[in-house]
Amino acid sequence: AQSVTQLDSQVPVFEEAPVELRCNYSSSVSVYLFWYVQYPNQGLQLLLKYLSGSTLVKGINGFEAEFNKSQTSFHLRKPSVHISDTAEYFCAVSSYGNKLVFGAGTILRVKS
Amino acid sequence: AAGVIQSPRHLIKEKRETATLKCYPIPRHDTVYWYQQGPGQDPQFLISFYEKMQSDKGSIPDRFSAQQFSDYHSELNMSSLELGDSALYFCASSFPGLGSNEQFFGPGTRLTVL
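Residue numbers (the numbering used here), protein chains in the order written: chain A, 12 to 123; chain B, 2 to 115.
Read the hints as simulated data drawn from the structure, not as lab findings. The beta carbon of each residue, even a glycine, is placed where N, CA and C say it ideally should be. There may be inaccurate statements among the hints.
[What the hints assert, rightly or not] What follows is a list of derived Cβ distance ranges for each label pair:
hint: 1; chain 1: A; residue 1: Pro23; chain 2: B; residue 2: Pro28; range: 36 to 44 Å
hint: 2; chain 1: B; residue 1: Gln68; chain 2: A; residue 2: Ser39; range: 25 to 33 Å
hint: 3; chain 1: A; residue 1: Gln53; chain 2: B; residue 2: Ser80; range: 23 to 31 Å
hint: 4; chain 1: A; residue 1: Gln53; chain 2: B; residue 2: Pro97; range: 20 to 28 Å
hint: 5; chain 1: A; residue 1: Gln53; chain 2: B; residue 2: Ala3; range: 14 to 22 Å
hint: 6; chain 1: A; residue 1: Lys69; chain 2: B; residue 2: Glu18; range: 28 to 36 Å
hint: 7; chain 1: B; residue 1: Ala3; chain 2: A; residue 2: Lys69; range: 21 to 29 Å
hint: 8; chain 1: A; residue 1: Gly73; chain 2: B; residue 2: Met54; range: 25 to 33 Å
Put together the whole structure using the sequences plus the hints.
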């Protein structure tokens, strides 16, 4: 069985400050890792994904994440956030061809 | 580029009624997943289909059923609706032959049960 833990339910941050959203996972098999963003009353948009290869993954909107196998983590980072980044962020894990297992989500609140 | 289409986008039903949600995957995608996201919750996997056969089943109530048709679209049928069924229902599609498990999500159907 796979599980995902997002360590922070809410992260408040000032505009133009850096941010890190934490995600840890557990799995007995090799996994694919994803970060999705959900704006209020909207669907899920893929930010970035780790399938294999380089452990530093770059995504859309200036986000990046680093896969750390030894720590079973896949933290999401952005060096400078904007007001428009205010949304809920979900970390998810799957094994090949299988369902996504989501974390509980982290609400990023960017303040001016 | 074509995206996943879900209909209807919004649906209001009374308790004990039935509802049918439809999902049209991206062309050439042969796998469809259904997820349920309750208020303030993370999406929970319900069921998936690959090549018109059920491939996996999650926490889907017995009152719900689903199928994938020959054109790969899928329908989620929900009967004896309960207040707790009020949620956002997402459909996602993928094409495992691409070598990844990236799932492309539709905009969701918001079901409200009164």
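- Task: Could you tell me which of the numbered hints above are not met by this structure, giving the numbers in increasing order?
- Result: Failing hints, ascending: 6, 8.
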